[in-house]
Amino acid sequence: MIEVDHLTKQYGSFTAVDDISFEVGKGEIVGFLGPNGAGKTTTMRVLTCFLPASEGTARIAGFDIFDEPLEVKKRIGYLPESPPLYRDMHVQTYLDFVASIKGVPKTGRTDRIVEVMGQCGLSDRAGQLIGQLSKGYRQRVGLAQAIVHKPDVIIMDEPTSGLDPNQIIEMRGLIRELAKERTVILSTHILPEVEMTCDRVIIINNGKIEAVDTPENLTANVRGTARFAVRVSGDVSKAVSGLATLPDIADVSSEIRDGETVVLVDCPTDRDWGPILSAKVVELGMGLLEMRREDLSLEEIFHALTTREEGV
Amino acid sequence: MGNILAIFGKEMRSYFGSPVAYVMAGVFLLFTGFVFRNQVLEFHDMSVFLQFAEYEQKSRLNVNEVVVESFFEFQTFVWMIVIPMLTMRLYAEEKRGGTYELLMTSPITSGQILMGKFLACYVLYVLIEVFALGYLGILSMYARIDWGPVFSGALGVLLQGGAFISVGILASSLTENQIIAAVLSFFMLILLWIIDWAARFADDVLFVVLKFLSLVEHTRDMIEGVVDTHDIVFFMSATVFFLFVTHHVLESRRWRA
Chain A
1 MIEVDHLTKQ
11 YGSFTAVDDI
21 SFEVGKGEIV
31 GFLGPNGAGK
41 TTTMRVLTCF
51 LPASEGTARI
61 AGFDIFDEPL
71 EVKKRIGYLP
81 ESPPLYRDMH
91 VQTYLDFVAS
101 IKGVPKTGRT
111 DRIVEVMGQC
121 GLSDRAGQLI
131 GQLSKGYRQR
141 VGLAQAIVHK
151 PDVIIMDEPT
161 SGLDPNQIIE
171 MRGLIRELAK
181 ERTVILSTHI
191 LPEVEMTCDR
201 VIIINNGKIE
211 AVDTPENLTA
221 NVRGTARFAV
231 RVSGDVSKAV
241 SGLATLPDIA
251 DVSSEIRDGE
261 TVVLVDCPTD
271 RDWGPILSAK
281 VVELGMGLLE
291 MRREDLSLEE
301 IFHALTTREE
311 GV
Chain B
1 MGNILAIFGK
11 EMRSYFGSPV
21 AYVMAGVFLL
31 FTGFVFRNQV
41 LEFHDMSVFL
51 QFAEYEQKSR
61 LNVNEVVVES
71 FFEFQTFVWM
81 IVIPMLTMRL
91 YAEEKRGGTY
101 ELLMTSPITS
111 GQILMGKFLA
121 CYVLYVLIEV
131 FALGYLGILS
141 MYARIDWGPV
151 FSGALGVLLQ
161 GGAFISVGIL
171 ASSLTENQII
181 AAVLSFFMLI
191 LLWIIDWAAR
201 FADDVLFVVL
211 KFLSLVEHTR
221 DMIEGVVDTH
231 DIVFFMSATV
241 FFLFVTHHVL
251 ESRRWRA
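Residue numbers (our numbering), protein chains in the order written: chain A, 1 to 312; chain B, 1 to 257.
Keep in mind that the hints were calculated from the coordinates and are not lab data.
Where is the CB? At the ideal position from N, CA and C, for every residue including glycine.
Relax, there's no trap hidden among the hints.
Taking lysine-lysine pairs in the DSSO-like style, the calculated list, with each CA pair at most 30 angstroms apart, reads:
| hint | chain 1 | residue 1 | chain 2 | residue 2 |
| --- | --- | --- | --- | --- |
| 1 | A | Lys26 | A | Lys74 |
| 2 | B | Lys95 | A | Lys106 |
| 3 | A | Lys208 | B | Lys95 |
| 4 | A | Lys106 | A | Lys26 |
| 5 | A | Lys135 | A | Lys74 |
| 6 | A | Lys74 | A | Lys208 |
| 7 | A | Lys150 | A | Lys74 |
| 8 | A | Lys26 | A | Lys150 |
| 9 | B | Lys95 | A | Lys150 |
| 10 | A | Lys74 | B | Lys95 |
| 11 | A | Lys180 | A | Lys135 |
| 12 | A | Lys150 | A | Lys180 |
| 13 | A | Lys135 | A | Lys150 |
| 14 | A | Lys26 | A | Lys208 |
| 15 | B | Lys95 | A | Lys135 |
Covered stretches of chain A, as calculated for chain B (at least 3 residues, CB under 8 angstroms):
| hint | segment |
| --- | --- |
| 16 | 46–53 |
| 17 | 96–107 |
Work the whole structure out from these sequences, hints included.
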């Protein structure tokens with residue numbers, strides 16, 4: 001559905017997006033993940049034909065973003081970071097205007113708008129001024145304008161930024177609902193969001209793609225090992241050396257967390273190490289106060305991937 | 001065409017849905033009405049003064065000259081202040097509010113957007129002008145007006161408005177700050193007004209060029225009842241020129257590497 005081919009975007013001497021290529025299939029939800037200023041918004045603006053690329057190109061639904069921008073624009077719905085709303089318009093009037101410039105035919109346009117307002121939970125706000133809506137409702141209007149012309153591709157820049165936790169949950173629900181029939185690209189710097197909504201993650205930093213994979217694979221690849229945090233009563237150094245004698249253990253170390261010494265055990269993911277470790281602690285004659293498996297979160301992966309560059 | 005109408009309708013709703021259209025129409029009609037009233041009283045005083053004078057002298061007194069011409073001439077000045085306020089928001093507001101991104105990512109060309117915006121502002125301009133021309137309608141109930149110069153003057157004002165609006169839209173497309181857009185278009189209009197002052201000190205060729213560039217110079221002929229094709233062509237080409245430059249300004253940011 002979306003093919004990005006060696007895309008580069010420079011602002012003067014600053015390279016915002018540096019030679020990126022990726023593909024997104026039909027019906028996929030792909031998350032752009034990266035710190036602020038990584039090039040997420042710029043990539044989206046190029047894909048929506050708002051900004052020209054300096055080099056490279058992209059095709060959306062088979063249409064080149066340079067040669068046939070109008071055809072591309074017909075097939076995309078775009079929700080920028082701050083929804084593009086006219087504060088002095090009523091919700092329904094606004095959606096009618098958007099529908100008309102997006103090429104929704106006049107016959108059936110009102111029905112379509114009523115349908116979209118229903119989908120986005122705006123039915124009871126149809127006659128309200130957009131300027132008087134709360135942030136959450138404005139975001140819904142923004143989403144409604146992005147889908148009113150039934151685009152094949154929906155591009156959303158930080159769709160949940162600035163919303164409260166309940167609104168975020170609603171918004172994610174809406175996005176998942178939409179993605180059933182469409183291709184979705186969304187950007188975010190909030191990691192759990194990607195884990196919850198996306199089929200695939202594109203991690204982008206300093207304008208370059210650092211990794212492309214499913215959230216599960218990313219976690220597994222970087223992890224390689226499972227980590228247990230063990231808190232014991234007694235001599236910690238004895239526990240460290242004792243646990244290190246277990247076969248197949250990758251690494252044992254200790255760390256002070258909140259004033260307590262914690263033993264960190266990295267072990268392979270081939271079997272369940274919980275019972276083995278607890279048995280060993282007891283065997284050493286120590287009290288087992290706490291044992292917890294620590295999953296490497298996307299947060300840590302992200303950190304690992306995005307800081308690796310800077311060390312070079 | 002549908003796209004132009006969609007933009008046109010949106011701009012119209014915006015003008016009339018907010019106080020902008022009403023305040024600007026009010027300001028314009030108040031100022032022109034004030035001058036009109038004074039000129040009518042002036043004409044009245046002159047008539048009273050001359051009522052016992054010779055026929056020869058009386059016949060030189062002309063309501064067109066005293067009231068109609070000064071009414072049109074003063075209008076040009078008021079429009080120079082009012083038009084920047086009508087055009088300042090057209091692009092600057094969209095850029096500031098992020099809605100420009102919506103327009104530019106919709107299947108609609110920047111030319112269509114520009115035409116829709118221009119037409120909306122122009123129709124509002126014509127509407128306000130029609131109300132102002134109503135003053136002359138009232139005057140015609142009490143005085144015998146020569147309608148010829150009124151029509152040619154109105155035509156001049158209509159043509160001049162197109163040029164003024166396109167200058168204002170160009171200024172608005174250059175910035176995302178409405179105040180800067182208004183100030184910029186105000187100064188561009190003032191410059192085009194006073195540019196012929198420099199003609200006095202210029203040599204032959206420059207003299208002609210500077211005289212020709214002065215917007216007001218071309219309206220003056222029509223206010224006096226002279227409809228010359230070169231004035232009509234001047235205003236139309238000025239309108240097209242500034243719209244053309246605006247279009248290039250808007251397109252250029254999409255092709256800058």
